[in-house]
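Participant: Build the full structure now, drawing on both the sequences and the hints.
All residue numbers for the sequence shown refer to the working numbering, where the first residue is 78 and numbers rise by one.
Hints are computed from structural coordinates only; laboratory data are not their basis.
Under the rule of at most 25 Å between Cα atoms (straight-line distance), these lysine to any residue pairs were calculated in the SDA-like manner:
| hint | residue 1 | residue 2 |
| --- | --- | --- |
| 1 | Lys-107 | Leu-92 |
| 2 | Lys-149 | Arg-185 |
| 3 | Lys-142 | Ser-117 |
| 4 | Lys-150 | Glu-171 |
| 5 | Lys-168 | Ala-152 |
| 6 | Lys-142 | Glu-220 |
| 7 | Lys-149 | His-251 |
| 8 | Lys-168 | Arg-254 |
| 9 | Lys-168 | Ala-209 |
| 10 | Lys-142 | Arg-185 |
| 11 | Lys-149 | Lys-167 |
| 12 | Lys-168 | Ala-216 |
| 13 | Lys-150 | Arg-188 |
| 14 | Lys-149 | Leu-172 |
| 15 | Lys-149 | Thr-211 |
| 16 | Lys-107 | Glu-222 |
| 17 | Lys-142 | Leu-166 |
| 18 | Lys-142 | Pro-163 |
| 19 | Lys-150 | Thr-249 |
| 20 | Lys-167 | Ile-255 |
| 21 | Lys-142 | Ala-209 |
| 22 | Lys-149 | Ile-255 |
| 23 | Lys-150 | Glu-207 |
Distance windows between CB atoms, simulated:
| hint | residue 1 | residue 2 | range |
| --- | --- | --- | --- |
| 24 | Glu-160 | Arg-254 | 15 to 23 Å |
| 25 | Pro-163 | Gly-95 | 34 to 42 Å |
| 26 | Glu-110 | Lys-167 | 37 to 45 Å |
Please read all numbers here as calculations on a predicted model, not as lab measurements. Every residue, glycine too, gets a C-beta built ideally from N, C-alpha and C.
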Amino acid sequence: MGGRTEAETETAVLLADGSVPLTPEALIAKLEELGIAQRSVEHPPLFTVEQSKALRGQLPGGHTKNLFLRNKKGAMWLVTSLEDRPLDLKKLGELLGGGRLSFGSAERLMRHLGVLPGAVTPLAVINDHEAAVTLVLDAGLLEQEPVNVHPLTNEQTTAMAAADLIRFAESTGHPPRIVDLVQAERDPG
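Facilitator: Listed below in structure tokens is the structure:
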């Protein structure tokens with residue numbers, strides 16, 4: 078478990094810079110290299126927050142919802158929030174200064190973050206060698222310990238300290254933009 082199937086590997090799209098996306102195993106090795114303590118558990122593939130809630134049992138900490146977004150000009154954001162956080166794309170676009178936002182395509186997701194739909198994770202910024210994607214983290218998520226994310230596959234969940242998630246993102250050249258998404262939803266739009 079924990080990687081792309083042979084068929085997926087053979088048909089995988091290369092990243093924007095022409096390189097191959099990292100495997101979950103290589104990602105975990107990078108976390109270890111950075112001295113980031115983590116714990117990963119394997120499970121059947123999860124594609125939705127609802128599936129995750131049904132399967133996870135008593136995994137403690139904050140669980141995430143991840144949105145890969147773009148605007149008409151091609152700017153891209155990866156927004157990671159608490160799983161139950163309501164998000165209004167219009168308000169989010171205003172907050173991020175991106176104007177009208179829409180979801181990025183599966184092809185764009187693979188080209189820039191090296192993951193398939195259902196496996197979107199803030200850890201995928203490790204595959205964005207061109208720093209084309211802005212990582213946005215929900216301030217409320219960072220109050221949770223640990224933070225639970227996918228390690229480039231939806232067949233595993235990895236738990237780590239919120240501070241380590243930030244440190245990891247910074248190590249990839251993606252200092253996260255931390256946003257109070259609760260306040261953003263309260264502000265009139």
